[in-house]
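Participant: The lines below spell out each chain.
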Amino acid sequence: MIELLLPPLLAGLAVALVSGPMGAFVVWRRMAFFGDTLAHGALLGAALGLALDISLYVAVVAVCLGLAAALSGLQRQRQLAGDTLLGIVAHTTLALGVIAISLQTGIQVDLFAYLFGDLLAVGWQDVIGLWVGAIVILLLMLWQWRALLSITVNEELAQVEGIAVQRTRLLLMLLLALLIAGAIRTVGVLLITSLLVIPAASARRLTHTPAQMAAVASVLGTASVLAGLAVSWFANTPVGPSIVVAASSLFVLTLLRKPA
Amino acid sequence: MIFASRYSLLVTGFIASLAEPLQQACFVQATERQYIIAPLYFGPFLMSEPLVTVQSVSVTLGGNAVLSDVSLTLAPGRITTLIGPNGAGKSTLARLVLGLVQPDNGNGSGGTVSRRKGLRVGYMPQHIKVDDSLPLTVDRFLWLAAPGPTASRRAALERAGVAHLRRRGVQQLSGGEMQRVLLARALLRKPDLLVLDEPAQGVDVAGQNALYGLLKTVRDELGCAILLISHDLHLVMAATDEVICLQRHVCCSGSPESVSRDPAYHELFGPGAGTPNLALYTHDHDHDHDLHGNATHSHEHSHSHHHDHDGPCNHD
Chain A
1 MIELLLPPLL AGLAVALVSG PMGAFVVWRR MAFFGDTLAH GALLGAALGL ALDISLYVAV
61 VAVCLGLAAA LSGLQRQRQL AGDTLLGIVA HTTLALGVIA ISLQTGIQVD LFAYLFGDLL
121 AVGWQDVIGL WVGAIVILLL MLWQWRALLS ITVNEELAQV EGIAVQRTRL LLMLLLALLI
181 AGAIRTVGVL LITSLLVIPA ASARRLTHTP AQMAAVASVL GTASVLAGLA VSWFANTPVG
241 PSIVVAASSL FVLTLLRKPA
Chain B
261 MIFASRYSLL VTGFIASLAE PLQQACFVQA TERQYIIAPL YFGPFLMSEP LVTVQSVSVT
321 LGGNAVLSDV SLTLAPGRIT TLIGPNGAGK STLARLVLGL VQPDNGNGSG GTVSRRKGLR
381 VGYMPQHIKV DDSLPLTVDR FLWLAAPGPT ASRRAALERA GVAHLRRRGV QQLSGGEMQR
441 VLLARALLRK PDLLVLDEPA QGVDVAGQNA LYGLLKTVRD ELGCAILLIS HDLHLVMAAT
501 DEVICLQRHV CCSGSPESVS RDPAYHELFG PGAGTPNLAL YTHDHDHDHD LHGNATHSHE
561 HSHSHHHDHD GPCNHD
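First to last, the sequence lines map onto chains A and B. For the first sequence, the positions run 1 to 260 when our numbering is used. For the second sequence, the positions run 261 to 576 when our numbering is used.
Same shape as in the complex, but just chain A:
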């Protein structure tokens, strides 16, 4: 049993660990819908990866970055609000992704696994890749922590104080795209945002500093992965949704506590 469960467990923990600080930034910067849009685009990336026979991760990161660039370009026009644009892009890319996957001939592709994750199918190679990715992302965030936080508090003050705002914002996008690519296998494109947003939202009520919030979000995320996997194993429920429900349950529990 342990040989079966260990790779999914380690893979899930890697994703949850990074989702803590990353999710905190998504919450602080009000990027939940933005993250969701990138995640929807990830399905298109996965389909392209299959069609072109290149690595799923490379294809997803490329498509996410392309989407982020396109969105920031689109947001320069002022007639339509940001969330309208995100709604258009998110569902267009999702539709395109589903069509692209359905057009794949030869191999049978499990669409459900991409939409809701298939953690139990990950192998040791994925685990190593995810942990390397997780450590790289965490180190980059730690290194750029003050810059990332400064542009989150106020971009103009940050710029006046000599922080490269554009570059830092780009770094955040890149890290988010990397995380989404890694998280597809855990919870699937439709539930990735929940793994980002829910633990961070729960941590808000428990903490007093940005760093605390990021760390506690990581802890709550890993706890959700553990609980979700356990439920999935014993009750035979799908893994991705089980993890999300576990995270939501923790959030509901934090609501019982008086806000910090």
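Rather than coming from a laboratory, the hints here were simulated on the basis of the structure. All residues carry an ideal CB built from backbone N, CA and C; glycine is no exception. Careful: at least some of the hints might be erroneous.
Derived lysine to aspartate or glutamate pairs resembling DMTMM-like cross-links, with alpha carbons at most 25 angstroms apart [unchecked claim]:
#1 B/K377 - B/E502
#2 A/K258 - B/D392
#3 B/K389 - B/D329
#4 B/K389 - A/E155
#5 B/K377 - A/E155
#6 B/K389 - B/D464
#7 B/K476 - B/D464
#8 B/K377 - A/E156
#9 B/K476 - B/E517
#10 B/K476 - B/E309
#11 B/K377 - B/E418
#12 B/K476 - B/E418
#13 B/K389 - B/E418
#14 B/K377 - B/E309
#15 B/K377 - B/D480
#16 B/K476 - B/E527
#17 B/K389 - A/E156
#18 B/K476 - B/D501
#19 B/K389 - A/D83
#20 B/K377 - B/D364
#21 A/K258 - B/D364
#22 B/K389 - B/D399
#23 A/K258 - B/D391
Chain B residues, not near chain A, derived (Cβ > 12 angstroms throughout) [what the hints assert, rightly or not]:
#24 S393
#25 A411
#26 H424
#27 G467
#28 N469
#29 T477
#30 D480
Dock chain B against chain A, hints included.
Facilitator: Only chain B this time, still in chain A's reference frame:
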């Protein structure tokens, strides 16, 4: 608002007030540029090198010409005040100096902005809003601008008269408190140039006196240039070396006294504004003056301007 604190922000502050050359030397040291020997010894001679030079700049925002052919020089140790009615482009000019707005660059006629290399800028915007989801105390907020020992942040807050707010969440501050904290943040950076957008807003007259007193002290200690934005010439007279009267272009500029006698100034602000007997150096003015009274203004440029302001101007 109490500005009673006389604690020195810099350890060198006291010495600096005694010997200006020494102060300059210490300040260069404080900016971690010890490897440049020349400014350490020749600092006093470099005092006049401008920090920021704006040369015949035009700025168009969203299709509107906000600034046209504006020039400005900010030198160390000088306090410059931008005055002008609403919509005159004061904030845009300040943001141009800060690098947050770029000059028009169509066919190279938009002018140029040059900054001294390695210029450290402290900026106090009117207000900023931090998202409620971010648990951020005033102390952490200051740390973002200048990571260092807690004592330096405490001293900066004390200077700005808000030491008691250090452990408060930034979202819980009132507008006036936030402004003080932003001032502390700007001071903490030991700036070469300090830019303050409407620092006197939401502050009572006694507070304003204290504020301008503080700015002078800071200028003397750091030897920095200060750029202020104000609606109101009266408030800043005593603390200002140079006034620039702005109405999309520079109407008039010079010492406060000369500006208050300039016909262009009266044309802009209406008759009776800034008469010399205003008790300028005591800040004892009443709030019924008509500095913001109706002023119809048409200049040699083709634009004309009508500035409405009903009732006496209020400073809070």
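Participant: Compare the structure with each hint and give your call.
Facilitator: Structure-based check of each hint:
1. B/K377 - B/E502: Holds. B/K377 to B/E502 sits at ~24 angstroms (cutoff 25 angstroms).
2. A/K258 - B/D392: Within the cut-off at roughly 16 angstroms; holds.
3. B/K389 - B/D329: 33 angstroms, violated
4. B/K389 - A/E155: 11 angstroms, holds
5. B/K377 - A/E155: 22 angstroms, holds
6. B/K389 - B/D464: Holds, because 23 angstroms separates the two Cα atoms, which is no more than 25 angstroms.
7. B/K476 - B/D464: OK: B/K476 and B/D464 at ~18 angstroms, within 25 angstroms.
8. B/K377 - A/E156: Answer holds: B/K377 to A/E156 is near 20 angstroms, not above 25 angstroms.
9. B/K476 - B/E517: 18 angstroms, holds
10. B/K476 - B/E309: Distance ~20 angstroms between B/K476 and B/E309 Cα, so the pair holds.
11. B/K377 - B/E418: Violated: B/K377 and B/E418 sit about 31 angstroms apart, past 25 angstroms.
12. B/K476 - B/E418: Holds. B/K476 to B/E418 sits at ~16 angstroms (cutoff 25 angstroms).
13. B/K389 - B/E418: 22 angstroms, holds
14. B/K377 - B/E309: It holds: about 11 angstroms lies between the C-alpha atoms, which stays within 25 angstroms.
15. B/K377 - B/D480: The given pair, whose Cα atoms are some 22 angstroms apart, holds under the 25 angstroms limit.
16. B/K476 - B/E527: 30 angstroms, violated
17. B/K389 - A/E156: OK: B/K389 and A/E156 at ~12 angstroms, within 25 angstroms.
18. B/K476 - B/D501: 10 angstroms, holds
19. B/K389 - A/D83: 21 angstroms, holds
20. B/K377 - B/D364: 22 angstroms, holds
21. A/K258 - B/D364: The hint is violated at about 52 angstroms.
22. B/K389 - B/D399: 16 angstroms, holds
23. A/K258 - B/D391: 20 angstroms, holds
24. S393: Given a closest Cβ separation of 5 angstroms, the condition is violated.
25. A411: 19 angstroms, holds
26. H424: 18 angstroms, holds
27. G467: 23 angstroms, holds
28. N469: 27 angstroms, holds
29. T477: Holds, since 22 angstroms exceeds 12 angstroms.
30. D480: 23 angstroms, holds
The structure fails to meet hints 3, 11, 16, 21 and 24 from the earlier list, while all remaining hints are met.
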